[in-house]
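**Q** The lines below spell out each chain.
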Amino acid sequence: AQSVTQLDSHVSVSEGTPVLLRCNYSSSYSPSLFWYVQHPNKGLQLLLKYTSAATLVKGINGFEAEFKKSETSFHLTKPSAHMSDAAEYFCVVSDKDSGSGTYKYIFGTGTRLKVLA
Amino acid sequence: NAGVTQTPKFRILKIGQSMTLQCTQDMNHNYMYWYRQDPGMGLKLIYYSVGAGITDKGEVPNGYNVSRSTTEDFPLRLELAAPSQTSVYFCASSSLGYEQYFGPGTRLTVT
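These protein sequence lines map, in sequence, to chains A and B.
In terms of my numbering, the first sequence is residues 1 to 117.
In terms of my numbering, the second sequence is residues 1001 to 1111.
If you are wondering where the hints come from, they were derived from the structure by calculation, not from laboratory data.
Derived DSSO-like pairs (lysine-lysine); straight-line CA-CA distance at most 27 Å:
1. K114/A with K1044/B
2. K1044/B with K42/A
3. K49/A with K69/A
4. K1044/B with K1009/B
5. K58/A with K96/A
6. K104/A with K1057/B
7. K1044/B with K49/A
8. K1044/B with K1014/B
9. K1057/B with K96/A
10. K1044/B with K104/A
11. K42/A with K1057/B
12. K42/A with K1014/B
13. K42/A with K1009/B
14. K114/A with K68/A
15. K58/A with K114/A
16. K1044/B with K1057/B
17. K1044/B with K96/A
Isolated chain A (complex conformation) (with noise of 0.2 Å):
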């Protein structure tokens, strides 16, 4: 069965330094998957995505993303971290149902992050 883990409910960081959000899945095919940013009292908005092609996914505001198979991990990461960045992000999944055929979206509980002046 499909399932995303975030391994960090709350990251804080001050502006600056670089952000790392942890997110491993597991999936029975080949997934695909995303990360978004809910900022406070707003819709979820795409940050990027992985859809097999590169592994090394570059997306907006200067995030990116790297997938590692072996590793069953797709870690969010920013060089530098602005105010702006502050809101909660979600690792989402993405697979074919092997009964129904459908896709599936599993999404992470979320990772609120921080940015200190």
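Dock chain B against chain A, hints included.
**A** Just chain B now, kept in the frame of chain A:
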């Protein structure tokens, strides 16, 4: 393209009332979804649809109903509202297993 639109943005219901949350997408996506997000929590899937006329339950379907008569529209019906349905509701659409596009959400309070 407007993407995914939801109405209303906010609503307050009394216990026992009913309402329909509207969701429309203009990207010709086959897949559409309804999620709820409780304060400080992640998203839980209520219902989803893989095409017009086809719907299926997610992990928290009780107290809700959906229909999908067109590709564009996927309304969510709440019957006999209860305080436990106080939440933020998000509609999303996608093409097969590709990224989901989310609407701005509907903030519902049941008192």
